[in-house]
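Letter by letter, the chains look like this.
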Amino acid sequence: MSTLLAVSRPTEWNFPLFVHVLGAMILVGGLLAGASSIAFARGDTRFLRLGYWTLLFVALPGYIVMRIGAEWLYMKEGWDDLPDSAVPVWLDIGYIVADAGALLTLIALIVGGIGVRRLRDGKGEGLIKAAMVIALLVLAAALVAVWAMSGKPD
Amino acid sequence: MSFDDWLLVLHVLAAFAFVAGMVVFWMLIYAVRRTDTPEGTIRMEPIVKVGSAATGIGAGGTIIFGIWLAFSVGNYDIWDPWIIAALILWAATGAVGGRTSKEYLAGMTKAKELEHAGQAGPNAELLALNRTQSGLVLHTIGSVLLLLILIDMIWKPGA
Chain G
1 MSTLLAVSRP TEWNFPLFVH VLGAMILVGG LLAGASSIAF ARGDTRFLRL GYWTLLFVAL
61 PGYIVMRIGA EWLYMKEGWD DLPDSAVPVW LDIGYIVADA GALLTLIALI VGGIGVRRLR
121 DGKGEGLIKA AMVIALLVLA AALVAVWAMS GKPD
Chain A
1 MSFDDWLLVL HVLAAFAFVA GMVVFWMLIY AVRRTDTPEG TIRMEPIVKV GSAATGIGAG
61 GTIIFGIWLA FSVGNYDIWD PWIIAALILW AATGAVGGRT SKEYLAGMTK AKELEHAGQA
121 GPNAELLALN RTQSGLVLHT IGSVLLLLIL IDMIWKPGA
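Chains G and A are the protein sequences, given in the same order.
The numbering used here applies: residue 1 is where the first sequence begins, and numbers increase by one.
The numbering used here applies: residue 1 is where the second sequence begins, and numbers increase by one.
Honestly, the hints are just simulated from the structure, not real lab data.
We treat Cβ as the ideally placed atom computed from N, Cα and C, and that holds for glycine.
Mixed in with the good hints there might be a few duds.
Between beta-carbon pairs, the in silico distance windows are [as the list claims (entries may be wrong)]: (1) A:Glu-39 x G:Ile-107: 40 to 46 Å; (2) G:Glu-77 x A:Gly-94: 30 to 36 Å; (3) A:Ser-72 x G:Ser-85: 29 to 35 Å; (4) G:Leu-104 x A:Gly-121: 27 to 33 Å; (5) A:Asp-77 x G:Pro-10: 19 to 25 Å; (6) A:Ile-141 x G:Ala-86: 25 to 31 Å; (7) G:Leu-104 x A:Ser-52: 23 to 29 Å; (8) A:Thr-109 x G:Thr-11: 46 to 52 Å; (9) G:Ile-64 x A:Ala-117: 33 to 39 Å; (10) A:Leu-136 x G:Ala-102: 41 to 47 Å; (11) A:Ala-91 x G:Ser-85: 33 to 39 Å.
Only chain G is shown next, with the shape it has when bound in the complex (with noise of 0.2 Å):
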């Protein structure tokens, strides 16, 4: 049961622990912000510009530092060692999302980076409206990511 995992897991796990569950809440809540400013922007450049840069510079980083904590985790709890067979269901969720995720979020920057480029033309707000939605499924992911690695189904 992973709540008796926690009671007795080992205090050198708790750092990189904390790195990941901090740079996962991070990630979170800059894509709850970003697209929550995107969706109410209503045409409002400074609204979809606000939403854009808060995805590349509160989301992004929360990524970077969760990856960071994941690693370093994996191989603190020594995962690294043991073969693909026996890495459980809830590591291998996890990896699954965070690697779209990855893909999903730079792809959104992009489009998004376009988009806020282009609005100086009075353009662009599709584009930024679609890394809101690219940036809603990678939120939907980390939910799921969230309850793998919180509830570590088998």
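With chain G's structure known, arrange chain A on it following the hints.
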């Protein structure tokens, strides 16, 4: 997954919502500090609602599922020092959050008054309210308290 595992999942998801709400408010604080028009201020209201919903779900969920876990999981007791510390920090975060909300609502109220009076242009008093220093300090304190809760949850001092 056992019932306790599900409780833990809901507790952790609520914690994520809590922090996400705080991040939304950080973004709004950044934006509102450069806003001196009633329209610009009022436009933030739907995003304020997103932040309020996230912090509300987060605060409620963490305390409900957290206390439930404390009673349900055999290894924990509600009087464990780290759980008592978390409860105190949670209450402090709520109190600080309430005061922060009051600080920033003053700007929103002023913006609505100005709009009703037909004053759409930049307003120095509105800008001053939106740039509330005590609001900024309170939100910083709230964020630090939330960070301390996370530290407490991970290190579980005294467990």
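Right, here's what the structure says about each hint:
Between Glu-39 (chain A) and Ile-107 (chain G) the Cβ separation comes to about 33 Å, which falls outside the hinted range of 40 to 46 Å. At roughly 34 Å, the beta carbons of Glu-77 (chain G) and Gly-94 (chain A) sit within the given window of 30 to 36 Å. Taken as a hint, the range 29 to 35 Å holds for the pair Ser-72 (chain A) and Ser-85 (chain G), whose Cβ atoms sit roughly 33 Å apart. For Leu-104 (chain G) paired with Gly-121 (chain A), a C-beta distance near 42 Å fails the hint of 27 to 33 Å.
Asp-77 (chain A) and Pro-10 (chain G) have their C-beta atoms about 22 Å apart, which keeps the hinted 19 to 25 Å range intact. Between Ile-141 (chain A) and Ala-86 (chain G) the Cβ separation comes to about 45 Å, which falls outside the hinted range of 25 to 31 Å. At about 28 Å, the CB distance of Leu-104 (chain G) to Ser-52 (chain A) agrees with the hint of 23 to 29 Å. The given range of 46 to 52 Å is respected by Thr-109 (chain A) and Thr-11 (chain G), whose C-beta atoms sit roughly 49 Å from each other.
At about 47 Å, the beta-carbon gap between Ile-64 (chain G) and Ala-117 (chain A) misses the expected band of 33 to 39 Å. Checked against the hint of 41 to 47 Å, the C-beta distance between Leu-136 (chain A) and Ala-102 (chain G) comes to roughly 33 Å, which is inconsistent with it. Between Ala-91 (chain A) and Ser-85 (chain G) the beta carbons are some 47 Å apart, a value that contradicts the proposed interval 33 to 39 Å.
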